[in-house]
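Chemist: With the hints as extra help, turn the sequences into a complete structure.
Residue numbers (the working numbering): 1 to 248.
Rather than coming from a laboratory, the hints here were simulated on the basis of the structure. Being a predicted model, the structure only gives us computed values, none of them experimental. No residue lacks a Cβ here, since even glycine has one placed at the ideal position from N, Cα and C. Any given hint could turn out to be false.
Ranges of calculated distance between the beta carbons of each label pair, as one might list FRET restraints [unchecked claim]:
1) D84 <-> E186: 43 to 49 Å
2) S198 <-> G147: 17 to 23 Å
3) L244 <-> A53: 27 to 33 Å
4) D30 <-> K181: 23 to 29 Å
5) S157 <-> N90: 33 to 39 Å
6) S23 <-> Q160: 27 to 33 Å
7) H59 <-> E159: 21 to 27 Å
8) S92 <-> R44: 25 to 31 Å
9) E145 <-> S185: 33 to 39 Å
10) L228 <-> L56: 24 to 30 Å
11) D133 <-> S211: 37 to 43 Å
12) Q196 <-> H129: 21 to 27 Å
Mimicking DSS-like on lysine-lysine, the simulated pairs with C-alpha atoms at most 27 Å apart in a straight line are [what the hints assert, rightly or not]:
13) K35 <-> K83
14) K83 <-> K241
15) K181 <-> K35
16) K241 <-> K35
17) K3 <-> K14
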Amino acid sequence: MEKSAEFIVNRVMKNNFSMAFESLLQPIFDTSSFKCVGTEMLIRGVHRRALVAPDLFIHRLEDNGGIVSLGEHIIATAFSYMKDVIMPHNSSYLMHLNLSPVQLNDVGFAGRVIALAVQRIVFEITDNHLPLDDAGRENAVRLREAGFLLAWDDIHSVEQLQDRLAQVDTNFIKLDRSCFKATCSEETLRIVRRAQESEVDVIAEGVETFSQMQMLFNNNVRMAQGYLFSRPLDRDSFRHKHLLTPET
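Modeler: Below you can see the structure in the form of structure tokens.
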């Protein structure tokens with residue numbers, strides 16, 4: 001897989017995204033109604049017709065700055081799909097996008113995004129242990145003032161949650177999939193309570209069983225994603241399943 005990752009990184013550094021990436025949509029569901037309420041756009045590398053997991057190349061792109069140009073490509077793809085496909089069918093859906101702190105710390109980021117004038121977007125700030133600098137915090141404020149929503153991604157402890165919210169207040173947090181290990185149940189509930197005390201909505205990812213879903217519902221967590229609800233879908237499948245077919 002090293003050669004595949006190298007291929008992806010080289011394509012990004014040359015700003016050549018053609019045939020090198022595939023975007024998938026992971027639906028987000030209401031835990032009370034089991035209805036789709038939005039989606040997260042995921043990116044996968046493509047090399048020799050095989051998908052390449054982002055963990056194999058994202059950190060390298062964060063280190064060399066290539067994540068900024070890749071991020072612009074993903075945002076353009078997602079915004080186009082949101083405007084042309086989702087909004088005409090369901091204007092209440094939210095589109096979630098992962099956002100590296102490297103991107104948010106780029107001085108011109110907020111201005112470029114705001115100029116695209118797309119609504120119902122949630123930027124999920126990923127946890128790569130890189131703090132937001134002054135530019136990153138200013139970008140976050142500008143995005144929220146312009147109507148964009150923010151989330152802290154990959155939250156797995158109360159201490160981490162408090163540290164992230166001290167950097168930037170967000171509309172949502174996302175529970176990391178590790179929160180559903182049997183040994184983590186008490187800490188998970190503490191995270192949920194702390195977020196709710198801060199008036200931050202909680203989204204759970206990696207939900208695979210009804211017992212996990214029931215725990216979330218019983219603790220007023222109303223949004224979740226995972227294989228219990230749906231696997232990631234290609235864009236056409238998402239359109240047919242969640243936009244063209246009425247959900248009951």
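Chemist: Confirm or reject each hint.
Modeler: So, going through the hints one by one against the coordinates:
| no. | hint | result |
| --- | --- | --- |
| 1 | D84 <-> E186: 43 to 49 Å | holds (45 Å) |
| 2 | S198 <-> G147: 17 to 23 Å | holds (21 Å) |
| 3 | L244 <-> A53: 27 to 33 Å | holds (30 Å) |
| 4 | D30 <-> K181: 23 to 29 Å | holds (24 Å) |
| 5 | S157 <-> N90: 33 to 39 Å | holds (35 Å) |
| 6 | S23 <-> Q160: 27 to 33 Å | holds (28 Å) |
| 7 | H59 <-> E159: 21 to 27 Å | holds (23 Å) |
| 8 | S92 <-> R44: 25 to 31 Å | holds (27 Å) |
| 9 | E145 <-> S185: 33 to 39 Å | holds (38 Å) |
| 10 | L228 <-> L56: 24 to 30 Å | holds (26 Å) |
| 11 | D133 <-> S211: 37 to 43 Å | holds (41 Å) |
| 12 | Q196 <-> H129: 21 to 27 Å | holds (26 Å) |
| 13 | K35 <-> K83 | holds (21 Å) |
| 14 | K83 <-> K241 | holds (18 Å) |
| 15 | K181 <-> K35 | holds (25 Å) |
| 16 | K241 <-> K35 | holds (11 Å) |
| 17 | K3 <-> K14 | holds (17 Å) |
Comparing the model with each numbered hint stated earlier shows that all of them hold.
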